[in-house]
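A.B. asks: All residue numbers for the sequence shown refer to numbering that gives the first Met the number 0, where the first residue is 0 and numbers rise by one.
Treat the hints loosely; a few may be bogus.
[To be verified] Computed beta-carbon distance windows for the label pairs:
#	residue 1	residue 2	range
1	V1	D95	35 to 45 Å
2	M0	P43	36 to 46 Å
3	G65	R89	20 to 30 Å
4	P159	A35	35 to 45 Å
5	E78	R27	20 to 30 Å
6	V1	P159	28 to 38 Å
7	D95	V130	27 to 37 Å
8	V130	V1	17 to 27 Å
9	K144	Y6	30 to 40 Å
10	I120	D99	18 to 28 Å
11	M77	R100	18 to 28 Å
12	A85	P43	34 to 44 Å
Think of the hints as simulated: they come from the structure by calculation, not from any bench. As the structure is a prediction and not an experimental result, all values here were calculated from the model. Cβ atoms here follow ideal geometry from the backbone N, Cα and C, with glycine treated the same way.
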Amino acid sequence: MVDSEAYKQGMRRLAAGVTIITTIEDGRPHGFVATAVSSVAAEPNATLLVCVNRSAHSHGVIHRTGIFCVNVLSHEDMETARRFSASHLREARFADQAWDRLATGAPALPSALASFDCTVIAAMEVHSHTVFIGEVQHLSMRDIKTPPLLYFNGRFEALPAAG
Numbered sequence: 000m001v002d003s004e005a006y007k008q009g010m011r012r013l014a015a016g017v018t019i020i021t022t023i024e025d026g027r028p029h030g031f032v033a034t035a036v037s038s039v040a041a042e043p044n045a046t047l048l049v050c051v052n053r054s055a056h057s058h059g060v061i062h063r064t065g066i067f068c069v070n071v072l073s074h075e076d077m078e079t080a081r082r083f084s085a086s087h088l089r090e091a092r093f094a095d096q097a098w099d100r101l102a103t104g105a106p107a108l109p110s111a112l113a114s115f116d117c118t119v120i121a122a123m124e125v126h127s128h129t130v131f132i133g134e135v136q137h138l139s140m141r142d143i144k145t146p147p148l149l150y151f152n153g154r155f156e157a158l159p160a161a162g
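Given the sequences, and given the hints that come with them, work out the whole structure.
C.D. replies: Rendered as structure tokens:
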């Protein structure tokens, strides 16, 4: 078997899009930064997956409510990503900006390149994480002129602008 530290170092070499996963319970928003997000299927119903550490506060909220929103970040959202990455800033994560609400009520970031508003249709525990499969109930998209935010080798990076 591969050593866990070697595995982590190898995975740091996989550039990934940065998302903020949000949910809401009893009117209180919750969220965290995630790169472990993937498309599952477009038909017959659009579905995606997100991997959530079971020790994360939002894990229990997603499990109980069955809703989440995947907000795909642009490089303009780097400070928001940093705020959502810092556990000591949990109470301030949603304070500095307005958030939209889509079909499920989970917060959607207006500046996100795309927001996939989902209901959980399946969940599978794998070691320390739960893989939540979400069926997309609503999709909000922004003009794609803004480059995406990436995570590579332990740092947030902006993809160079095209052209």
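A.B. asks: Against this structure, judge whether each hint is valid.
C.D. replies: Quick rundown of the hints versus the structure:
Against the hinted window of 35 to 45 Å, the Cβ-Cβ separation of V1 and D95 comes to about 40 Å, which satisfies the hint. Checked against the hint of 36 to 46 Å, the pair M0 and P43 passes, with Cβ atoms roughly 38 Å apart. The given range of 20 to 30 Å is respected by G65 and R89, whose C-beta atoms sit roughly 22 Å from each other. Between P159 and A35 the C-beta distance comes to about 24 Å, which lies outside the given range of 35 to 45 Å.
Restraint check, E78 to R27: a C-beta distance of roughly 22 Å satisfies the suggested window 20 to 30 Å. Roughly 33 Å separates the CB atoms of V1 and P159, a value that falls within the hinted 28 to 38 Å. Between D95 and V130 the Cβ separation comes to about 31 Å, which falls inside the hinted range of 27 to 37 Å. Range check, V130 to V1: about 20 Å between beta-carbon atoms, so the 17 to 27 Å window is met.
The given range of 30 to 40 Å is respected by K144 and Y6, whose C-beta atoms sit roughly 36 Å from each other. A C-beta distance of roughly 23 Å is found between I120 and D99, which places it inside the suggested range of 18 to 28 Å. For M77 and R100, the hinted distance range of 18 to 28 Å is satisfied, since their beta carbons lie about 24 Å from each other. Judged by the Cβ atoms, the range 34 to 44 Å given for A85 and P43 holds: they are separated by roughly 40 Å.
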